[in-house]
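The whole structure should be built from the sequences, with the hints applied where relevant.
Here the protein sequences line up with chains R and W, keeping their order.
The numbers in my numbering rise by one with no breaks, and the one at position 23 of the first sequence is 23.
The numbers in my numbering rise by one with no breaks, and the one at position 32 of the second sequence is 32.
Fair warning: there could be bad hints in the mix.
One side of the interface only, derived from the structure: several residues of chain W facing chain R at Cβ under 8 Å [stated by the list, open to error]:
(1) Q11
(2) R28
(3) R39
(4) F116
(5) I121
Computed cross-link-like contacts, DSSO-like style, restricted to lysine-lysine with a CA-CA straight-line distance of at most 30 Å [unchecked claim]:
(6) W/K16 x R/K26
(7) R/K23 x W/K127
(8) R/K26 x W/K61
Note that these hints are calculated values from the structure, not bench results.
Predicted model, so just to flag it, every value in this text is computed and none were measured.
Every residue gets a Cβ at the ideal spot worked out from N, C-alpha and C, and that includes glycine.
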Amino acid sequence: MKKHTNTGDKSQDAGQIAPALSKMEKTNPFTVPDHYFDRLPAIITEKCHTKEQKKVNIFHWFTSVSFRYQLAMASGAILIILAVVLVLTIPQNNHVSVAQDITWDDVMQEENVLYLDFDEDVLIEMLAEMNGMEDYSTDENVENLTSEDIIDYLMNENIELETLY
Amino acid sequence: MTELPDKELLQLIRNKETRNYGFNMLVRSYQQQVYWHVRRIVIDHDDANDVVQNTFIKVWKGLADFREDSRLFTWMYRIATNESLSFLKKKKNNFFMRWDDVECKLANSIEEDHYFKGDEIQKKLQKAILGLPRKQRIVFNMKYYDELTYEEMSEILGTSVGALKASYHFAVKKIESHLTGN
Chain R
1 MKKHTNTGDK
11 SQDAGQIAPA
21 LSKMEKTNPF
31 TVPDHYFDRL
41 PAIITEKCHT
51 KEQKKVNIFH
61 WFTSVSFRYQ
71 LAMASGAILI
81 ILAVVLVLTI
91 PQNNHVSVAQ
101 DITWDDVMQE
111 ENVLYLDFDE
121 DVLIEMLAEM
131 NGMEDYSTDE
141 NVENLTSEDI
151 IDYLMNENIE
161 LETLY
Chain W
1 MTELPDKELL
11 QLIRNKETRN
21 YGFNMLVRSY
31 QQQVYWHVRR
41 IVIDHDDAND
51 VVQNTFIKVW
61 KGLADFREDS
71 RLFTWMYRIA
81 TNESLSFLKK
91 KKNNFFMRWD
101 DVECKLANSI
111 EEDHYFKGDE
121 IQKKLQKAIL
131 GLPRKQRIVF
141 NMKYYDELTY
151 EEMSEILGTS
161 VGALKASYHF
171 AVKKIESHLT
181 GN
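Structure, rendered in structure tokens:
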């Protein structure tokens with residue numbers, strides 16, 4: 001194992017601020033199964049090759065079929081990609097004029113309606129259902145929840161409020 | 001086993017004919033450092049085994065694009081840290097489980113862990129470490145057990161040296177307080 005010399009700031013040594021900790025022998029209380037490190041490199045190497053082999057097999061399969069089939073599959077793939085691109089890029093003309101008519105006041109009014117509809121209890125009930133919790137009414141964690149906890153969770157999980165209603 | 005310098009390892013890996021041999025040497029050189037770093041984060045051996053394997057698979061995939069603007073060791077340590085944190089995040093399996101509940105479960109698992117051979121004082125220390133906020137725990141482990149310099153830790157974690165010193169300082173004080181019962 002490669003060694004690393006400790007050139008850190010001595011004033012941060014545990015001994016000065018933590019005498020009990022510094023008196024403890026710095027041992028490793030964790031162990032591993034016998035011969036674990038002897039076997040690990042081979043296991044890892046095999047997994048790396050298995051993942052690569054899966055990629056190669058798909059390519060090999062494609063090149064092993066007849067040219068006619070290759071052409072058909074390639075054409076199909078190109079048509080699908082074109083269709084997706086067209087759908088995504090065709091302008092939604094019927095919505096443009098509506099968007100132009102919406103004012104900032106209209107947007108703010110709609111946002112306010114959404115916030116007025118934000119019911120914390122209903123949201124907690126929905127999240128409990130999503131997480132398979134049938135009886136959460138006596139759960140301490142639920143009692144201690146704040147709106148900020150809920151908002152943090154929604155942001156971390158990329159859940160938009162609108163998708164829950 | 002003779003350890004090779006990073007430059008030689010990379011040369012072996014980048015040559016198609018010696019790639020497998022080079023990677024095998026790399027794993028043998030760094031497996032223990034990576035493993036123990038991960039193990040101290042996820043605690044359970046089976047979990048650490050999974051995370052370490054995933055780490056080296058990512059290393060294998062990323063070696064072609066490795067730009068050598070950091071050392072191999074730093075780069076792999078960073079991958080291992082991120083994999084460990086992702087693993088713990090998945091363990092927090094639902095919204096109503098608090099972040100520190102994961103660490104609570106890990107602390108309790110030490111009692112029945114077949115691969116934990118420490119005495120009561122060591123158990124107390126490990127539980128104290130698990131009581132730290134997650135990043136502080138990682139900083140503590142890297143400084144106390146792995147004896148990395150603050151500069152190395154800064155490269156791995158992307159945190160300033162000053163912040164790391166502060167983090168370690170508070171971690172040590174909290175652990176001391178836990179050990180002395182204050």
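Violations among the numbered hints: Violated: hints 1, 6, 8.
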